[in-house]
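Given next are the chains, with one letter for each unit.
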Amino acid sequence: MALAGRRAGPEVIVTVPADAAPNLADPPTSDLQRWRADYRRGRARRSTAIASVSTIVFLAVVLTAIVLSPGWPRVRESFFNGEVARESLPDILSGLWLNVRVLAMTAVLVVIVGLLVAALRTLRGPIYFPVRALAAAYTDFFRGMPLIILLYLVGFGLPGLQLRGVPTSPVILGTIALVLTYSAYVSEVFRAGIESVHPSQRAAARSLGLTYGQTMRRVVLPQAVRRVLPPLLNDFVALQKDVGLISVLGALDAVRQAQIHSDATFNFTPYLVAGLLFVALAIPTIRVADAISVRAARRQQAGGSL
Amino acid sequence: MNRQAVRPLLALLAVTALMSACAPSDDNTEAATSKTPTASESASPSATPDACAKESLQTQSAGKLTIATDQPVFPPWFIDDKPENGKGYEGAVAAAVAKQLGFTPDEVTWTRVPFNNVFKPTPKNWDFDINEFSITAKRKQALDFSSPYYDVSQAVVTTKGSKAAGVTTLAGLKNLTIGAQVGTTSLDAIKSVIDTSKSPRVYNSNHDVVSALKNGQIDALVTDLPTAFYMSAVQLPKGKIVGQLPSGGGTPEQFGLVLEKNSPLTTCVSQAVDALRADGTLDSLVDQWLSQGGAPVLK
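Going down the list, the sequences are from chains A and B.
For the first sequence, numbering that gives the first Met the number 0 assigns the number 0 to the initial residue and increments by one for each residue that follows.
For the second sequence, numbering that gives the first Met the number 0 assigns the number 0 to the initial residue and increments by one for each residue that follows.
Everything labelled a hint here was simulated from the structure, so no lab data went into it.
By construction, the Cβ of each residue, glycine as well, lies at the ideal position given by its N, Cα and C atoms.
Mixed in with the good hints, there may be bad ones.
Simulated coverage check for chain A against chain B, where a stretch passes if three residues somewhere in it have a Cβ under 8 Å from a Cβ of chain B [unchecked claim]:
| no. | stretch |
| --- | --- |
| 1 | 104-112 |
| 2 | 153-159 |
| 3 | 262-271 |
Work the whole structure out from these sequences, hints included.
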């Protein structure tokens, strides 16, 4: 074998670059390393080729199965109608802008309320039992309550009380319902983060003379939040879609605009348009979440990758 | 080829096999839809009255007529959410159309189909659907409509004490918050006839619209005139009809029975509706079930 022949060769020269800082991008200079690099490049090319062919075959099979299905012309007309898509796009985009504003408002409030509930639920000492119990009851109730039903209760029940100062706008009422539900989830994520910080950290902080509040703020929370950032962003992605549910309260958001166009034309294409816009909205968040996870992993592995 | 490459290839083959395994179920639908081309030939406009004899009607199940509507349905269109009792204007019209086509009440089956399912791209299991469907050119591209069985106008409903209660002109409604049910032409009327400056509120059902009006979340609602009379008399204790809206674009809005696109029945069902209009049945059913009390047309 070629490899054995090379290994038998007398000279395996490793030249040291003249400048002190070794440049990793420099090509390897020994025969053996060059052979290794060639071999790896070859394997990589082969992998790429196999992946491409397999992807093309897979897509071809799926697309052929769909296009050759007897119902395809009807489905294409119903779900992929370009004319309907063009007509509905401006209204759906204006609806999506409402979704984005509600999303921004809700996300900020959820982080505040969620953190507060988590802090209350992790209070130590018997005297705080009622506070802990209330916080636990809140998370139990609002995680269990289906969002769509909560939207109805808040959206039609609250203004039904006819109290002065209760908002009547579906956007504000919808935001309240979303905040109630999502704060319950997010507070549990924060609590998991807080409880994952090793007790020795608290003990060390307290023994240095920090108060409970200082310990939480300076020692526990910074570590906790960093740890739960990926699941928090996951909840944010889920929230991006659930803001579409405020349409049941009468708000003209992207989902409702799609429904209006769909009902007017007896065609499902507007739903597809709205769905794809929501996906486009979620992708940046998903990429950011991935990047943060990678960075966190790298940071934790600082000083060695194994 | 090494062993590692074989396994994914097998997986790919399995996926392919799965795809072709789907085919038999597609064949079934093909059999079901293949009725349509032959059917549409007999449904050409030149169909003779004989082609509409009960025996030659190509209904979903032979000798039976399957009529669809939503659930729940409301007065004055249906009574007690029981379309089969023949009460309410649409309940009575459906019964009359069935009779005109030659079906006895025993041969009529009702099925409940949500709004969205009426136009989904799958073979239908009903012959026609009656549920206050307004006839529009866009909708005709997706489904067939029969001849119209009711000329409808849109009306504005509010409660005493609301900002809309004293309004007597179209312009007076312009700066109010107005609601309607999604999928209705009432919503189009808010946009095109009233042309509100605030964006309209759009709800899933008329029940939600009424709740919002009671709560003071909207100043007024728009719905078809018969429903407006029902709401102001029954559902809203302090209800008040502000007035009718002039029809946008000059053409009156009409309700039609909905049929599958190119249904073999469209011509015959239309003939039945036309006959009921000609012999005065439709008019007497309107008198029986729909309040025709005066409501001023807003200008």
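Any of the earlier hints contradicted here, and which numbers? Result: hint 1 breaks, nothing else.
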